[in-house]
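Undergrad: As you go down the protein sequences, you meet chains H and V in turn.
Counting the first sequence from 1 gives a position; the numbering used here is that position plus 1491.
Counting the second sequence from 1 gives a position; the numbering used here is that position plus 1.
Just so you know, these hints were derived from the structure itself, not from any lab.
Incorrect hints may have been included.
[Stated by the list, open to error] These stretches of chain H come out as covered by chain V in the derived footprint (C-beta under 8 angstroms, 3 or more residues): (1) 1564–1572; (2) 1614–1621; (3) 1770–1779.
[As the list claims (entries may be wrong)] To give an idea of the chain H side of the interface with chain V (calculated C-beta under 8 angstroms), a few residues: (4) 1520; (5) 1539; (6) 1629; (7) 1632; (8) 1808.
Note that the structure is predicted; figures quoted are calculated from it, not measured.
C-beta: ideal position from N, C-alpha, C; glycine also.
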Amino acid sequence: MNITLRDVGKRFSTFHLQDINLEVESGAYTVVLGPSGSGKTLLLEMIAGLIPPDRGEIINPNRHIGLIYQDFMLFPHLTVYHNIAYGLKVRKQSGSEIDQRVGEVAGQLGIDHLTGRRIRGLSGGEKQRVAIARAMAIRPDLYLIDEPTASLDLSLKTRTREIFMDLYKKTGATFLHVTHDFKEALSLGDRIVILMDGRIVQDGSPDRVFADPVSRQVADFLGYRNVFRGSIREHQIQVSENLRIQVPARQAERAYIAIRSDEIVLSRRRTKSSARNHFPGTIHRISRGGMTCEIGVDIGIPLSVEITRQSLGEMGLKEEDRVWVSFKVSSIKVFGH
Amino acid sequence: MGKRAFTMLMAVLGAILLLLIFFPVVRIVLSVSPGELLDTLRETEVTASILLTLRASLWATLLAGLFGIPLAYLLARKEFRGKRLIEGLVDLPVIIPHTAAGIALLVVIGRHSLLHRLTSVQLVGTEAAIVLAMFFVSAPFLINGAKEGFRGVDPRYEKTAVTLGASPARAFFSVTFPMARKSVVSGMLMMWGRGISEFGAVVILAYHPKTAPVLIFERFQNFGLDHAVGVTVLLILVSLAIFTGIRYLTRK
């Protein structure tokens, strides 16, 4: 059954959630994406029934809830076994039932060799799996997951996402996962809900949300690097004294545009293409990432361009090189705010 | 001033303080021969007073634990109107002179008190009065120790326990309390020790039966310094032995 939040409001220390209307579909993987301080954890705790809302109502028909916090919250005075067994013990299951279930989930997560260990001394990845096992043990219909990868190394982040995806596919439970990492949100969610300053500002499929952010703030948060302000006249935005960019909007006194850095084409010479925006510039910065590299090009405004490591090598680009950038009008998002 | 010189200065200042604490203690312990100590130990008045002191303070500590640990938990976890006031109230016995605390308690339980008139219970001069005096002046140590302990336990541990199906009480006893145990025990030890050393409030509520601090004072008053030293050293040694022993047993 779906979880319904109707006009939910809550003021809690520095957080202020307002007008939260949300229907979390049963059996779906929903990701709430928002910067830290947007009230995501508070939202989870309210859905878990741990904190009542000040206003509105929350209908959560799920009885078995697996809540997994960012820092795992493993009970340090108990062994791995007794952490995993905790929920089964309070449910008064028999010793043999508990043994069996703990063995089962520990096996599934590959931590059966750790059950005798204390929590202190486990690695971050091990702790994470113990926390997942502890939640899994009670067979939740609903998983509430709070920033599970925030304190993990990059390699473990990917592994953790796989664990959740696996779990999701195997159990058919409802997943509500909050994160500030848009890559994580895009890779996991069937649906992304963006929470900013205590309000839901956008809600939709990952593709749709990423392709079409509703505001400059959301675009910024989704990793759009090139956000500029200016006034639009006759389909042109004036972003600096002598730089006008063709945009898909006609008129606006004050507007913001965002250009996705992977949709900008970089070349040695001015190329012929259907793109309407062509500008010469100078490379002022090259930062090499893993697969892709970010090139900073000064065209009167600082533009960030993403190209593959391979093209960087092929083009032999270096700092101070003169280059041309081009991008389509359709690759530009225009925001009023 | 260089980093080294600064560290040296800090160390020297600290060392002076440690000297001020240790010198008198070591000096008085060394001033008594083992034979004299054994003689003192054979005096029933002395052993009775030391046992009474330890026992009364233990009772005070247990009572304060029963009522104070829940209060400490509330103060650590909940925000409510008047919380600052209550925290101030808890600390009150630490800042008022202990003789004044004794007088205040005497007004409440003494011969002319409402309690005495209604129930004709005579507390003054009993072990119960000693327990009460110790409780009053040293409970803040337990409450503040436990409060810090509970504050150190992230509330999300409890919330996790609750979502796993535990009742709030179960979450408290199986998660929060064990996690805060070290601070709670440490607070109890501090209170017990503080109770043992209490003189001002105790002497006003009960000159008899004599606790060790009262006995020390009495011997000093009536017979002079030499007669007070034996009991003093014995009390210091017993306290030291018990506290280091418990610290050793409860260490992590």
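Undergrad: Quick check: which numbered hints come out false for this structure?
TA: Per hint list: 2, 3, 4, 7 and 8 violated.
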